[in-house]
Structure formats: C-alpha cells, structure tokens
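Q: These are the residues of each chain, in order.
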Amino acid sequence: MLKFLARRALLALLVMLTVLTISFGLTRLSGDLAISIAGPQATQQDVEMIRKAYGLDRPLPVQFASWVVSAASGDLGRSYLYHEQAATLIKARLPITLTLGLCGLAIALVVAIPLGILAAMREGSLLDRAIMLIAVVGQAMPSFWLGLVLIITFGLQLGWLPVSGNDDWRGYVLPSIVLAFSAIPSLMRLTRSGMVDALASDYIRTARAKGLSRAAIVLKHALRNAAMPVVAISAVQLGFMLSGSIVIESVFALPGVGYLGWESISKNDFPVVQAVVLFLAVIFILLTLLADLLNAALDPRLRAS
Amino acid sequence: MSGAPPPAIEIRDVAKIFRQGTGAFSAARFVRAVDGVSFAVPAGGCFGVVGESGCGKSTLARLILGLHPPSSGDILVDGRRLADMDRRERARLIQPVFQDPFSSLNPRRAIRDIVGLPLAAQGIGRAERERRVVEMLERVGLTAEMAGRLPAQLSGGQRQRVAIARALILRPRIVVCDEPTSALDVSVQAQILNLLAELRRELGLTLLFISHNLAVVEHICDEVAVMYLGRVVERAATEKLFHAAAHPYTRALLASVLTPEPGLGIPDVGLGDTYPDPANVPPGCRFHPRCPIAVERCRSETPLPRMVDGRQVECLLA
Amino acid sequence: MSGQAPHPAPILAVEGLRVRFGGGTQAVRGISLAVNRGETHCLVGESGCGKSVSALAVMNLLARGATRSADRLAFDGTDLLPLSERQMARLRGDKMAMIFQEPMTSLNPAYTVGSQMAEVRQRHRGGTRAAALDRAAELLAKVGITAPGLRLAQYPHQLSGGLRQRVMIAMALMCDPQLLIADEPTTALDVTVQAQILRLLLDLQRELGLAILLITHDLGIVARMAHRVSVMYAGRVVEHATAAELFAAPTHPYTHGLLDCVPVPGRTRRDVPLGSIPGTVPRITAGFTGCAFRERCAHAMPVCAGEVPLRERVPGHAYECFLPADWPQRSAA
Amino acid sequence: MRRFASLRMASAGLGALIVLVVLIAAIFAPLLVPHDPFAQDLNARMVPPVWMTGGGPDHLLGTDQLGRDYLSRLIYGARISMLIGVATVITSGLIGITLGVLGGFFGGRVDDVVMFLITARLSIPLILVALAVVGLVGSSLTVVVMTLGLLLWDRFAVVARTTTMQVRTLDYIAAAWAAGCSRSYILLREVIPNIVHHLVVVATLEMALAILLEAALSFLGLGVPPPLPSWGLMISEAKDYMYFSPWVIMVPGVALFVLVLGINLLGDGLRDMLGATRDA
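Residue numbers (my numbering), protein chains in the order written: chain A, 1 to 305; chain B, 1001 to 1318; chain C, 2001 to 2333; chain D, 3001 to 3280.
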C-alpha cells in the first residue's frame, strides 16, 4: 500500500511538471509578451523597458526555472489588471467556486446513483429506457444554454430565483443545478453498468442461493461492488466541475475562480491566466490522485497489493 | 549419431522468466514459468506434457512455437536453432493447435481466410490457396461449403477441426497441441483425438501434446513429461509412467485420475491444502510443501534429475 | 446402494420439470428425478443438455427470461411450486444449499470469508455475529482448512481456487442443510484438487447424512461418487439407474456411446480409435417431437420420430428408447 | 432487452436521420439558404419566427440583432459544427488510436510512455486549456480545430489500448505469429479489425463533445470569431436580447441540442449493434 502511494505520488509529480511546462509554454504561444503587455501605442523603448522589468530578456529556461521556483513558494505573479498577487485573487474567489462545485456534485450524486440503481434493477424495462433517455438528453444539453434557459424560466418568467450574482444562497441554486446536470449522465451510466454487471455476477447468484433478502442482495452485495468506481469517479467529476465552472460562472456572473480565468484570458492578463490554469490543474491532479487512493482503499484486491 | 536424423524437437536447459507488473509505476515480480527444462522428441513421436495449471506447460509450448524468446537455453527444431530461423521458415516446420476453439479463430474472418493464413504468409497466390484450403477442410472432416462461413456459425468441434486444418495446411513436420480437447465435450473430444491420431499416422507428424487430462495423454502419447512449478520432475515412456510412477507428485496425479469404474471411490491424493505459486518457488525440492513423503533434507537440498530404472526423476527419495 | 433399506420418501422429488427460455428454446423438457436422503444423485450430460438449468430451476434461481413449470416439485414433503420468492429464500441456504462451478467468482470480492459465511447463519438462524463466526471457523476446519481463524479474516482473492471451493462448501453447510446441490463443483479446478474436493464431499455426506444432487459432465466422477444416476440429453432424462447398473449395462444408445468415448488408462487401446458420436446436439424449440438423439443414433428407426416409450430394464433402471433392453448384446453378436 | 429492441432501433434511426439532415445542410448550405447569412438588413432587425406574431414567410426563423436571416445563419452554422466535429475526430482519433494501439500491442516501455501521456492529459483541465490556448493564440476556426484535436484524444487512446491488450492475448493472434505473419500484418489485419467497432462508438462520443466544446468556446467569445455563424456564437450574441425575445437563444440552442442528441443516439445504437464496450 505504501509502495503504491509513493509510486502514485511520483506519477502525480511528473504530471505536475508537465502541466507546469505547458502552462509556461501557453503564455509564450502568443508571441512576444512584452509587446502585448505594452499595448498598441507603446514605443520600441517602452517595450524594451517592460521586457527588462518583467525579466523577459533572459533565456527561456532561466525564465522557466525562476517562474517554477516562485510558483512553488506561492508567488504566482502579479496581475497586470488588478495590480495584485494572482494568488490573492484566486484565494478570494475560491470559496465561491468550491461551494458551487460541491453543491453540484452533491446534487449529481443524489440524483444519479438512485436512478442508476433503479435502471439496473429493471434492466430492459420501460423505466430503464426512460432513465437512460434522461442520460442521453442530459449529455446533449449544452450547459451554458441550459443556464440561459433556466434564467429565463425561473429568473424572469417565474421570478423565483435571482438571475445572477451571489448575494445569498439562492444565487447558487441555478448554477449548481446546471453544473450537476453535466455530471449526472456519466455518473448514472456508470452506476447502472456497474450494477448490471454486479447483479449478473456469480457472487450474486451465490447470495441468492444463500437465501439472503432482496435488500441485502442489492444494497449490500451488488451496490458495494458497483459503488467502488462511482465513488472514485466522483473525485474526478469534482475536478471537471471546478474547471467547468468557468462557463457556468460567466453565464451566471458569479465572481469565482472560473470567472477570473475567463476575464483574464479575454483581457490578456497573462500572469493570472497562468496562475488559474496552474491552480486548477493542481487541484485536478490531486483529485485524480484521490480517486486512485479511494479506489485502492475500497477494493480489497488493490488494498492488499 | 552421425547417420541418425536429429530429434524433431530438442530443448536444452530452457528457462523463461516473466516480469509481472510491468512499468515504471508498479513493483516488478518475477515468475519463473519454465525453469531449466531439457528433453528431446524423436521425429514421428508423440510427447506428452502434463501438470497442473501454472506449472509452465503452456509457456513451454509457446517457447517451442517461437512466440516468446526463452530467457536462457536453446531450442532446436529439426536440428536447427529456432532463434536462427526466419518466421516463414519456422512456420513451415512447426504449427500450433490451441485449447479454446473460440479465441483461436479470428471472429471477423471467413474460414477460408483463417485456414489459408499460413499460405498467405508464405506469399502463395489466391487460386492455389483456395485449392489447398478446400482440400484440407475435406481432409479434417469439414465440407468445402464451410469455407465461406464465419467461426460463429460453427460448433466447438468444427472450430477445432478448422484450427487443425490451419495447422496442417503448410504440411509442417511438428504440431504443438496445447490442451486441444479440454474445452470440448467428451463425445467431441473423442472425434478430435481420433482425427489427430489418424493425421499423425498418415502425415508422419511429430506431436507435442500438452494436457492436464492424464487419461487422454495415456491414450495418445509414447512418452510423458510431468511438470511441476516450471521443472520436469519425471519423464518416462507412457507405459512405464502409468504402471509405476517414481515421483510422489506423479503418483498424486495418477491417483487423481477418475476412471469411469464404479465402486472404486475417491483416492486420497495426500497433497494438503497448499497450492503452488510460480512467483514464489520454495527452496530445496520445490514440491516439498505438498509432498506426503517429504523429509527434512527436502527443505534445503535441491534434487537433480537422475536416471532411475530407465526414467528420469527429480526427487531425493526416488 | 442395492443393499440398503428402501427409502421412505425422497428428500427431493421432481416430476415433469420444464424450463423455457425467452427465445423459444426448451432447455428442460419434462424431467423427473428423485434424490433420496443420504444419497448422491448424479445428473450427467454434455454442455447444453439442461442439467445446470434443471438445478437452478429446483432452487428457483433461474435468470430472468427463463420460466419453469412442473407437475410436482417437493422438498422434504413440502410442495415448492406455490411458494413465493420470499418463502423460497427462507429455504435456500438453510434446508437446501447450493455450490457452483466457478469458485473464483462465486464469492463476493468486497467482503471477507468470515463475513460472507456468518451472514448465512444469521439470516436463517439469527444469533450473534460472534456465534456465527465461531460456527464458520468450526466448519472451515471440518472442510480441511488449516488455520481457519486466519482464513476468516481473508478476502476471496487471497485464496487459491481449491480453498475457495472449500469455503463455498463450508458456507453451504452453515445451517445444516438436508440437500446440497453441487453444480460442476470441480470443473474449474486442477485434477489433484478435484480429487480432494470430491473426497471431502463423500466424507461430509457420510458424516452428516447429506443428500447431494451432483451435476457433472464427467463420467469418471459419476462412477466414483453416485448412488443413482440420471443421464440427460437435449433437455430429457434419457436413462436413469443406480451407478452400478448404469456402468454395467448402459442401455440408451446415447449413454452407451458416451461411455465408449472416454479413454481409460489400461483399458482403451492406443492403436484403436475411441468410440465417438457423430454430429452435434440439435437445438430444441417448441413443437419438437420424438427422440432428440435420433439424428446421431446408429440404430434410429422411423418410429423414433414419434412418442418414445420409457422402458424398464430392471426395477430402478429405465431408459427412453424403442430398442429392447438386450440390444447391445444382440448387436455385438 | 429484447422487448424494447424496436424502440432502440427507432432511436438509433432517429439519430442517424438527424445527423444525415445536418450533414446535408452543411454540405449544400449555399444551395439551401434563402438569404445571404452575412447580409445585414437594419430595417428588419429582430424579426420573430414565422409562427410568432410579427413573423413572416420571408424570414422563417426570424432575424438577429443585425437583421441577418436566422435560418440562413443556422444552416451555415451546421457547416461549422460538422466541420469541427469531423476534423476533431480525425485529428484526435489519429493521435489517440496510434498511441493506444502501440501501447496495448507492444506493452513494456512503450506502454509506460503511453500511460504517462494519458494520465498527464487526463490531469489537464480540458476547457480551461482550450480557452487559454484559443485566448492567447487568437481565435480562428483552425486554432479551435487544432486545439480540440490535440486535446480530445484521451478516450480514443484509453479504449484503443485496453481493447488491443485484450485482443493481443487471444489465441488467434498467437496462431497468426506461428503462421509466419509479419508484425504489421498482424497489427493491421488481425488486431485493428477486431477493435474498430469500439472506436466507432468513441468517435461518435468525441464528435458530440467537440461540437459542444466549440459552442461553449464561441459562447465565451474565444472560439470561432464573428461574423462566422457558429451556433455558440449566435447564442452569445443573442444573450443580451433574450430577456425580451427568448426565441433568439432558443433557435440556435435547440439546433445544437438536437444535433448532439442525434449523434449520441446514433452512438448508442451503434454500441448495441456492434456489441462495443458499454462504458466507452
């Protein structure tokens, strides 16, 4: 188990390095940074000054190394736009994004798991078809468009919920639902296929031959095995949701990390773009690591080795 | 030895070590699947290899077919090193018949293409291929009309006949049969065994016959090797082995053959409840944890193969 | 066997059992069998003959899409046909237990051996988990497992196939069943382990007075284990007899042919081909009449397409065929 | 399963029909459009669709805030969606299938590298990186196609790798080696035909995903640049008017939804018909 942990952490570290490289490379893709920072009216002299000031005149590997070193110590650079540390900006906006992501995941799990179980228990029935239709429809629904439709329906026409902002909890209702909607289809399919496989397995036949009650067969023996991948995937789904919040936050004008990212991309605020990409990627990597660990902790076959 | 033909298969101290759990991100485990095996099969003979699952008999078959390179040792086929042959030459000399008649035929190709595959690999043209495929199908008891079908449209026995046809279409001298009948019902098993015996006689084939079914091996083989955890622990002519086995493991194997003779009951094979693990071979005699007659020195002293009464045995007590 | 006292009533009595699958396939076509107390009854046949399906039908464990019907299905005097699934579940694992072919997949990978064994006892007999675990340890020792305490805390993947099958057997015995249905319990195991498991079953039967319905395709196992034998072909029992009778005088042409197919060390000759049955098993759908073996039978006659009689060779030995009981001797002559 | 077989066939058929209609619209767009999709008519702005009061037969689906014919823009938008979908599937399919098949077939070191690439790719938040790239490099159709193609190969690689590994261990592959076939012959004639049905299903999923992502990027103003009539961009441009005329976001939104639904239904149908893996 310890060996597994160490190996998995090493892999995460390697991936992190890759992400760092990509993240650094991203800002260099756009051409000469100094020119973009200086703006269209700048003279050649201004550009040269900026180049010096931001250290852009040094060779690329040196720039990369110094950037990695400062990033590791929490210094993600200063925003050109807000004239603040990018890390401070992210920290201030993180609670909004986290609330949104966790609410979305909770809603998704509460809807997807029972429906998935129900579909599997009635495999091939009309109910199963109906539930799977929800999954297909959900998969086809563009989340930003769904957000707009919900705003029109519940915000404008019915007037039940605010159309934007985060003044109170009601501001989170619609965005959480939209975010959940994007995760429900895959969680539901996974629960269903896991349960279908489990229910058709030899050990369920054994459980039936032992005369166990239907509840014990489904909830204890089948669900335990079907739930292992679902729990693990939930961690990854949370990662998807946090990075997906970029779209939802801009639809609902929620000033979270995603909104910050979008804003800084549209306004060429490179240090913040870099910082947000890096920050979300690190969370993403940690969540995938968590998923693997959860999987290993839940499955005795992996736990032992 | 100068005038005598070389043995069809000669194996010299062959070992195969697999690295399990490959990759930079998982711990490696070394499995000694085949661990120093030597024997020779004369041309036209039928040599049986028996043992439990995990004893290395299927790995041995794959080594002889050239599907894996051995980790050490030499394999000579028809007097020439297998490693020196190119794939076409090897294919003309030695061919396989596998256990599972379902996974051994490509489900997306017609019987014609499956049987003709070795010919295609030799660069033989379509017309010639078609002629020889039809001839071979008829030879193994199928009809020319089946050439256009897919494997899914055939029964298990028919599929195994297709596999035999594929193995024989290049007229190889040697056929390696890896559990060719163990996935089949007894009535079909008998058909396939009869067909193999008949083809062997007619075409002068050398057979390497791998099986866990001792009754089948006794019926078809001239000589038998018993494998345990990667080593041949006993090797003898079939009659000799079945009359009086020298190795305690062979005796246990023979005791567990249940012939259809009512009233004999189930013998005690005396092996206990431990089970061999090829990734964790015990020191000393590798059979000692299960051996009913093991003594103290079996734990530490590794037995070497010896000739006892015209048979090769690897046991300190034989 | 023949020397024993007559049995008052069989523990399991099956009459006219039929199983149909969704696609119209008739897997079991009206079979009858009686398993006596303290005896091993072997149901033997090749793959697809309906032997496993029959056993599952008795336990009411058929997969969805399969339907069973029977003239009579009685266990220990109780009629099983009208029982609800809930009532049937109360019997399963308690009075009648079942073990399966694949020991590798028949245990739940997520729970320990002890937990899976204890829950059977607690389900049917109540009591504390500790008491159930004690019982489990005792039974593990009885099925020949050394260090039962250690094994109880292990997960199935930590055990070899042979050990898992022993665990399955011990689990089946948790509530002292009167009938054990064993569906090809040794097919997935090595020959040496097979002999050990079968010997264990024999010992347990003698000690506990267990009735065993043993399903197998292996005539060697039948000969060594069975008191009585029913031979199945294409969904019908074509011959049934005591084991001694059946092997001494196989009378249905299928049984006869099957026995000729098996190589026996020291008896079958190497230079003589084995007997074999030509052709393959037909697929039986609704409206099929006559003997299902007639296409492969060397003795088939026009009448074989009609209703086939059940003939008695000697009391307790019957076969479903038009041929007279002494046809093998006649054709040999 | 069997009971609703006809229902499944019907939904797969519906999916195929939708995809076919959109494909025809995309290919023959110049012949089908009633108006020039780029022509502005400031006298006819925000004309509602024909079924609403104020709508007329001249603009069946109405006009946008610049008076451009909505139906014509929608048909041209189909071009962009289909182009994005097909081009992304081809690019990402080539990358993913090559990596997956090589890793699965050769194993060992090659597979270690492939596994690392897959894990690394899965650890990178897709939409964010796509946004950053498009935002930084500048938005154009080519950049969107290239970015999505370079990012969406992971599922192809995962499925190709696992199915190749399964097939590789089967005895017919061993028989082909023993028959003297070459490595490339075995890879191309024995392995790939037996995994291709799984990959077809993945292709439909990725196509749907690519179309949705392009719409999301364009919606955020970082995808296809105006005045190209991308459906996502149409929704974005109409956003400010939706409070008074909700239909302006409904028309392109429904088009997008129906197309993606059609692709998914077709994919599900193919999965059933070809017997591909369920959780691909």
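Simulated from the structure, these hints should not be mistaken for lab results. Please note: incorrect hints may appear among the correct ones.
Computed list of lysine-lysine pairs in BS3-like fashion (alpha-carbon distance at most 30 angstroms, straight line) [what the hints assert, rightly or not]:
#1 A:K220 x C:K2142
#2 C:K2095 x C:K2142
#3 A:K220 x A:K91
#4 A:K220 x C:K2095
#5 D:K3239 x A:K267
#6 A:K220 x A:K52
The structure displayed is predicted, hence computed values, not measured ones.
Q: Please work out if K220 of chain A and K2142 of chain C have their alpha carbons no farther apart than 30 angstroms.
A: holds, 28 angstroms
Q: Tell me if the straight-line CA distance from K220 of chain A to K52 of chain A falls inside 30 angstroms.
A: violated, 65 angstroms
Q: So if I understand the rule, the pair passes when the alpha-carbon distance is 30 angstroms or less; does K220 of chain A with K2095 of chain C pass?
A: holds, 23 angstroms
Q: Need the status of pair K220 of chain A, K91 of chain A: alpha-carbon distance at most 30 angstroms?
A: Violated, because 42 angstroms separates the two Cα atoms, which is more than 30 angstroms.
Q: CA of K2095 of chain C to CA of K2142 of chain C, is that 30 angstroms or under?
A: holds, 19 angstroms
Q: Do the alpha carbons of K3239 of chain D and K267 of chain A lie within 30 angstroms of each other, as the hint requires?
A: At roughly 21 angstroms apart (the allowed maximum being 30 angstroms), K267 of chain A and K3239 of chain D satisfy the hint.
When the structure is compared with the earlier hints, violations turn up for hints 3, 6 and for no others.
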